[in-house]
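Here the protein sequences line up with chains F and H, keeping their order. FYI, the numbering for the first sequence is 1 to 282, going by my numbering. FYI, the numbering for the second sequence is 1 to 96, going by my numbering.
In short, the hints are calculated from the structure, not lab data. By construction, the Cβ of each residue, glycine as well, lies at the ideal position given by its N, Cα and C atoms. Take every hint as true, because none was put in to throw you off.
Pulled a few chain H residues facing chain F out of the computed Cβ check, cut under 10 Å: (1) Lys-8; (2) Ala-27; (3) Ile-47; (4) Gln-52; (5) Gly-54; (6) Met-66.
Here are the simulated DSSO-like pairs of lysine-lysine, each with C-alpha atoms no more than 30 Å apart in a straight line: (7) F:Lys-190 - H:Lys-8; (8) F:Lys-100 - F:Lys-21; (9) F:Lys-21 - H:Lys-62; (10) F:Lys-13 - F:Lys-94; (11) F:Lys-94 - F:Lys-21.
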Amino acid sequence: MEEQTKEPGPVMKFIQDYRMKMLIPELLVVFGVWYFLPILDSSFNPLYGNVYTGFGIFQYLFQPLFFLPSGLLVFAVAFTLHGIYPLDNYHEGKIPELPKAAVIMIVISFVLLPVLVFFQMVGYYMTEMTEFISRNPFWERVESVGDLLFYAGPMFFVGLQWWLLIPVFFLSQGVDGIHKIAHHETSSEKITWIFYFLWPMSMPFFFDSVEIMAMVALSIPAFAFYSYIRPYYTYVTAVHTFTFAVLLISAVLLAPLLPLMNIWFPGFIQPHIPPRVIPWPF
Amino acid sequence: MAGNWTNKWVLILIVGILIQAIIYPTAWTLQLFTHEYFPDVFVISLISLIIQIGGFLTIMIKTKGMDPAIYGQGRPFQHKLREEDEDVATRKPTFD
Numbered sequence: 001m002e003e004q005t006k007e008p009g010p011v012m013k014f015i016q017d018y019r020m021k022m023l024i025p026e027l028l029v030v031f032g033v034w035y036f037l038p039i040l041d042s043s044f045n046p047l048y049g050n051v052y053t054g055f056g057i058f059q060y061l062f063q064p065l066f067f068l069p070s071g072l073l074v075f076a077v078a079f080t081l082h083g084i085y086p087l088d089n090y091h092e093g094k095i096p097e098l099p100k101a102a103v104i105m106i107v108i109s110f111v112l113l114p115v116l117v118f119f120q121m122v123g124y125y126m127t128e129m130t131e132f133i134s135r136n137p138f139w140e141r142v143e144s145v146g147d148l149l150f151y152a153g154p155m156f157f158v159g160l161q162w163w164l165l166i167p168v169f170f171l172s173q174g175v176d177g178i179h180k181i182a183h184h185e186t187s188s189e190k191i192t193w194i195f196y197f198l199w200p201m202s203m204p205f206f207f208d209s210v211e212i213m214a215m216v217a218l219s220i221p222a223f224a225f226y227s228y229i230r231p232y233y234t235y236v237t238a239v240h241t242f243t244f245a246v247l248l249i250s251a252v253l254l255a256p257l258l259p260l261m262n263i264w265f266p267g268f269i270q271p272h273i274p275p276r277v278i279p280w281p282f
Numbered sequence: 001m002a003g004n005w006t007n008k009w010v011l012i013l014i015v016g017i018l019i020q021a022i023i024y025p026t027a028w029t030l031q032l033f034t035h036e037y038f039p040d041v042f043v044i045s046l047i048s049l050i051i052q053i054g055g056f057l058t059i060m061i062k063t064k065g066m067d068p069a070i071y072g073q074g075r076p077f078q079h080k081l082r083e084e085d086e087d088v089a090t091r092k093p094t095f096d
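The shape of chain F in the complex, shown without the other chains (with noise of 0.2 Å):
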């Protein structure tokens, strides 16, 4: 540790305040949305058009900016929501007045897509339920599913993909859970885990082989990153690397039937492979 605490600067106090290190993850789900866009209609470009012209009198409840393209204001809500961190710090009791940059922040969030932001403030509240209420298996649930409607919601509610809606229940339960057991935070363990491992059973109703593929070349290392920092997350990395490649396995040897959920339910799972847009050389 340096000897003299430097008082961070007003760019970086802003950054550091707002949390905007949480931009990765969330336009991450933008670029999601995005690569979705062509799907619901071949014409959508993320630059314009409006996913909701389909909705009737709703549209305006959705987007009441009706003319603006929804993939520009789901990536500009990506940056105004992020009002919501003061506001959390506020209700942790770390600041004494919520600042009104944030107010207003949030304030344009909403103006921008009502329905979304509604949703990813529901999410929020629930991942304070556990602070609010109590710490239990249940609440602790409910907080990963708030997760889930925080930065998965614009794929919901903006991108419209639906059929994600219980892949992505298991794997905020999985995600938010190997994270609540590596920071010791769940009063119960074995529930915790038992969560987990439903993210894996659960990947092959809903994927196919080279989805679940990416999905474990892409969770694994992203997961590991803290273990390698800190070597004492090492268990739970070596938990989620063998168990995504035993996944990996079954995707293998189920790769004729996969996703399941279509085999029962055909068309349960829409078609959802975008045109390439650049084709690879060879």
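Chain H: place on chain F using the hints.
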């Protein structure tokens, strides 16, 4: 020091990486899957594998000569509620 390499968490981690090191190239060589984006995912899987092997060696170098109990420890109680906090937390963010 040899004890670190035979720790059960380290062994589980090695097995997990080995399984991937076998399956990714096999799936590609035998073209087990057909998918528009299979080539992309194969490239991603190789990059992932390289990161995992490098990361694993990082863990082993950092913990060389340390008590193997470190691998199963998790976050110590003395902690910050979030990374950017300056003071150590006075409460657990958690159940006691």
